[in-house]
Amino acid sequence: MTETIETDVVIIGAGPVGLFAVFELGLLDIKAHLIDILPKVGGQCAELYPEKPIYDIPGFPIVTGMGLVDNLMKQIEPFGATFHLSQMVTEVTPLGTPVAPRFRVVTDAGTTFECKSVVVAAGGGSFQPKKPPIAGIEEFEEKSVFYAVRKMEALRDRSILIVGGGDSALDWTLNLQPIARRVTLMHRRDEFRAAPHSVERMRKLVEKGEMDLRIGQVSGLRGADGRMEAALCKGNDGSVFEIACDAMLPFFGLTMKLGPVAEWGLNLHENLIPVDTEKFETSTPGIFAIGDINTYPGKLKLILSGFHEAALAAQKVHRYVYPEKKLLFQYTTSSTNLQKKLGVA
Amino acid sequence: MTKITFVDFQGTSRTVEAEIGATVMETAVRNGVPGIEAECGGACACATCHVYVEEQWRSAVGEPAAMEEDMLDFASDVRPNSRLSCQIKVKPELDGLVVHTPERQG
Ligand SMILES: Cc1cc2nc3c(=O)[nH]c(=O)nc-3n(C[C@H](O)[C@H](O)[C@H](O)COP(=O)(O)OP(=O)(O)OC[C@H]3O[C@@H](n4cnc5c(N)ncnc54)[C@H](O)[C@@H]3O)c2cc1C
Ligand code: FES
Chain A
1 MTETIETDVV IIGAGPVGLF AVFELGLLDI KAHLIDILPK VGGQCAELYP
51 EKPIYDIPGF PIVTGMGLVD NLMKQIEPFG ATFHLSQMVT EVTPLGTPVA
101 PRFRVVTDAG TTFECKSVVV AAGGGSFQPK KPPIAGIEEF EEKSVFYAVR
151 KMEALRDRSI LIVGGGDSAL DWTLNLQPIA RRVTLMHRRD EFRAAPHSVE
201 RMRKLVEKGE MDLRIGQVSG LRGADGRMEA ALCKGNDGSV FEIACDAMLP
251 FFGLTMKLGP VAEWGLNLHE NLIPVDTEKF ETSTPGIFAI GDINTYPGKL
301 KLILSGFHEA ALAAQKVHRY VYPEKKLLFQ YTTSSTNLQK KLGVA
Chain B
1 MTKITFVDFQ GTSRTVEAEI GATVMETAVR NGVPGIEAEC GGACACATCH
51 VYVEEQWRSA VGEPAAMEED MLDFASDVRP NSRLSCQIKV KPELDGLVVH
101 TPERQG
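Read top to bottom, the protein sequences are chains A and B. If you read the first sequence in full-length UniProt numbering, its first letter stands for residue 1, the second for the next number, and so on. If you read the second sequence in full-length UniProt numbering, its first letter stands for residue 1, the second for the next number, and so on.
Bound-form chain A, shown alone (with noise of 0.2 Å):
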């Protein structure tokens, strides 16, 4: 076990809310720390977006989701929040009480917090590989179906599928093929979104008839007990084919989950966090939930509201950090004090 980080406050999710959650603590002397799943910042926006452009940040008549994430990750610098990405976040253990709370926050990958507040600023969940809905796939998950690679000498030695024709795909084909007995790349089209240098170095590996690409879609799997033995596919014209493999990698991209946090002892509505419009607390006094993950009367799902949120919340966790200061309204153009911490005072 690693030692426990002690913090002020955990926020958990660093899309643009828990990103601009820092700011607005930071603006109060609140330290954080953040965790997310993605091995970067940015949530929805870096994710599912990040070359879209969004017309509705006030301000900003218009700016792409990576453009906005990366002016956030500047606008938060002066405050050195810490970041602990592709991790999950397990648990959140209360351990003092409603008026002084104190919590535990675990991640999967052991990372230990004590803290004060914790924000759970999650938006529609973690971000989860997507399944494809082949019947009976889940027999085969973890031991012959993977959808990431953790251990990559679990692979040696195997006759892997990979299914996809993104990154992930053409990534882990690479990787993987010097290990693997063979490796079968398929895709549904004999186009592929990847990078062109790693499309162009797999096609020589199919020419220089060290690997295989096949084009078509897994209709179904053949095996017993887990063990894979084939992949029924289907070509494109209609035709049926199998492939013999003993692992298979598919990579559709991610999807949002609401996982662990169903886990944590908060009330829960139609998988929201319901909360009050004042402070943004949620249940438990001490956790707070801003952005797409909480709900309340008249809650819009917007960027928007969740930065509105974030101001709100701040001003409660403070009072939970610092229970003996008085909090004074300040604006960051005249306040001198404000101007310091952002460093341009």
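Be a bit skeptical, because a hint or two may be false.
[To be verified] Each computed EDC-like pair below joins lysine to aspartate or glutamate, with the alpha-carbon atoms no more than 20 Å apart:
#1 A:Lys31 to A:Asp8
#2 A:Lys234 to B:Glu103
#3 A:Lys131 to B:Glu37
#4 A:Lys301 to B:Glu37
#5 A:Lys257 to A:Glu153
#6 A:Lys131 to B:Glu39
[As the list claims (entries may be wrong)] Computed far set for chain A versus chain B, every beta-carbon distance over 12 Å:
#7 Gly59
#8 Arg156
#9 Leu213
#10 Arg222
#11 Arg227
#12 Leu327
[To be verified] In silico negatives: residues of chain A with every beta carbon more than 12 Å from chain B:
#13 Phe60
#14 Asp171
#15 Ser198
#16 Asp225
#17 Val321
#18 Gln339
Keep in mind the hints are simulated off the structure, nothing from the lab. These figures come from a predicted structure and were not determined experimentally. Cβ atoms here follow ideal geometry from the backbone N, Cα and C, with glycine treated the same way.
Fit chain B with the ligands to the supplied structure of chain A, relying on the hints for placement.
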């Protein structure tokens, strides 16, 4: 009046009125037609509004653009007549359009 018919995987068909300029996905959602999820709200970012365009309508509807083709990679059981319904705009020529919804959206 422009009408669009949605046929689900079990063969149940629902015909609804569509507004010119709206998308086929929006038409389904506004009329409570099941079988289309549209998680991303029409941004061509989720592939959960997948439909099969009935053969005789394919040329009127047209082919997917490159971005939509990329997104179709995330749908399952993609066929030559697959489209993402949020990328089909309703126009007068599409009056009577028939699309089929898949058994599952991603
Ligand atoms: C295609 C598309 C277009 C959009 N356009 C607009 C628009 O024009 N304007 C607008 O205002 N909004 C728009 N939205 C909505 C906007 O993106 C969301 O409102 C916003 O992303 C919500 O931010 P968030 O920080 O609350 O959550 P998210 O962005 O969903 O981020 C939550 C993060 O929490 C992480 N997480 C969840 N659970 C855990 C856990 N247990 N452990 C670790 N990490 C966890 C997730 O991995 C995720 O990265 C759009 C959404 C989509 C999909
Ligand atoms: S609604 Fe998401 S791709 Fe069409």
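Taking the hints in turn, this is what the structure says about them:
Proximity of A:Lys31 to A:Asp8 is assessed by CA-CA distance (about 5 Å); at most 20 Å being required, the pair is judged to hold. For the hint pairing A:Lys234 with B:Glu103, the CA-to-CA distance comes to about 17 Å; that is within 20 Å, so the pair holds. Taking the CA atoms of A:Lys131 and B:Glu37, the gap is about 16 Å. The hint holds against a cut of 20 Å. With a CA separation close to 17 Å, the supplied pair A:Lys301 and B:Glu37 stays within the 20 Å bound.
About 29 Å separates the Cα atoms of A:Lys257 and A:Glu153, which puts this hinted pair outside 20 Å; it is violated. The suggested pairing of A:Lys131 with B:Glu39 holds, with an alpha-carbon distance near 16 Å, which does not exceed 20 Å. No beta-carbon of chain B comes within 12 Å of the beta-carbon of A:Gly59; the shortest separation is about 22 Å. Every CB of chain B lies more than 12 Å from the CB of A:Arg156, the least distance being 28 Å, so the non-interface label holds.
Every CB of chain B is more than 12 Å from the CB of A:Leu213 (nearest about 15 Å), matching its label as outside the interface. Consistency note on A:Arg222: stated as away from chain B, and its beta-carbon is indeed over 12 Å from all of that chain's, at 18 Å minimum. Distance check for A:Arg227 against chain B: the nearest CB is about 24 Å away, which clears 12 Å, and the non-interface claim stands. No Cβ of chain B comes within 12 Å of the Cβ of A:Leu327; the nearest lies about 37 Å off, and the non-interface call holds.
Interface exclusion of A:Phe60 from chain B stands, the closest Cβ pair being 18 Å apart, more than 12 Å. Its beta-carbon lying about 15 Å from the closest one in chain B, A:Asp171 satisfies the requirement of being farther than 12 Å from that chain. For A:Ser198, the condition that its CB be more than 12 Å from all CB atoms of chain B holds, with the nearest at approximately 15 Å. With a minimum CB-CB distance of about 25 Å to chain B, A:Asp225 clears the 12 Å threshold, and the non-interface call stands.
With a cut of 12 Å on Cβ distances, A:Val321 stays outside the contact zone with chain B, its closest approach being about 36 Å. The beta carbon of A:Gln339 is kept farther than 12 Å from every beta carbon of chain B, the shortest such distance being approximately 38 Å.
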